[in-house]
Amino acid sequence: MKQFSILLFFILAVPTFCFSDSLYITEKIEIISEQGPFGDTSLTDTTKKPNKFRLAVVASSVPILTTGVFLYFQNAWWNDTLEAHGLPKPKFHFDDSKELKYALCLDKCGHFWSSQITSTAFGEMLMWAGVKRKSAKWFGAGFAVLTSGIVEVKDGMAPWWGFSLMDMSANILGAFYPVLQEYHPFFNNFTFKWSYDFFHKSYYKSMPGHENKSFMDDYDRHTYWLCTNIKGVTPKSWGRYIPGFLSFDIGLSAVGLDGQEAGKSEVFLGLGIDLSNINIKNCKLFNSKKRILNYYHLPCPAQKIYPSKVSYLLAF
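By the count of the numbering used here, the sequence shown reaches residue 323 at its end, each step adding exactly one.
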């Protein structure tokens, strides 16, 4: 599921580079982007009917992407467990016995984050096709729950895993968080982000048998952040002195994870950048995709407060 979300992230967010010297910060906390994911506002007007061609593009591309990701899972996870280790295929079963110990709950953050971004990305694609905003949000949430649910069902039939109620709960909460933000705009001030340390050596991958593991399983280098837009939650009398792009971030990470129960949690406090409140003039690609880009936490100054105190000029 996380691989699918990362794929959607890069498809919808990465091609945003443009040449512009007209960078400015919005004075208000924007609630909803008026542009679709491909930088075209012409079909996000709710008074217009959906564009059949664009709907066809969405309807055809999503199943292709989904099939590709599930084939990857089949070969990387499920087939490996059954065939390489000669284990019999068990009946469908539930298993939450290690959920609060595995990766020190970082994987629960990952389930929330991946479902959130899948929900948002699919909703943005539908809005690009002309589907009304609220309807697109609900369809996006439903699609995220469906795809993550299928993965959980497959896990429920795998001998080393099982259907996890905790994982599924995190999936559902993440999928419907964009819907909550739509109906209660104050929650747009709170964004759940993910970052990955690409620079330091991986402890997890240095262990025997883990050399070829996916970077999405390498929780040792993951950090999940709860980012609060400072201007959006402070009184207006103070807010006028605070840049609209500035956020206060709380990060959760871990070190020494071995894929089982070892490791120690880490907690960070820092300042971050809220891309949703930055506009680049005449750059529709960035302005339409900034909400997707904003789910990745850019390197920023941070202070580790647990278990030790360490200051970082840039925390990844």
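Think of the hints as simulated: they come from the structure by calculation, not from any bench. A few of these clues could be false.
Simulated pairs of lysine to aspartate or glutamate, EDC-like, Cα-Cα distance not exceeding 16 Å [stated by the list, open to error]:
#	residue 1	residue 2
1	Lys161	Asp225
2	Lys208	Asp265
3	Lys108	Asp265
Structure-inconsistent hints, enumerated in ascending order: The structure conflicts with hint 1 only, although it agrees with all the remaining ones.
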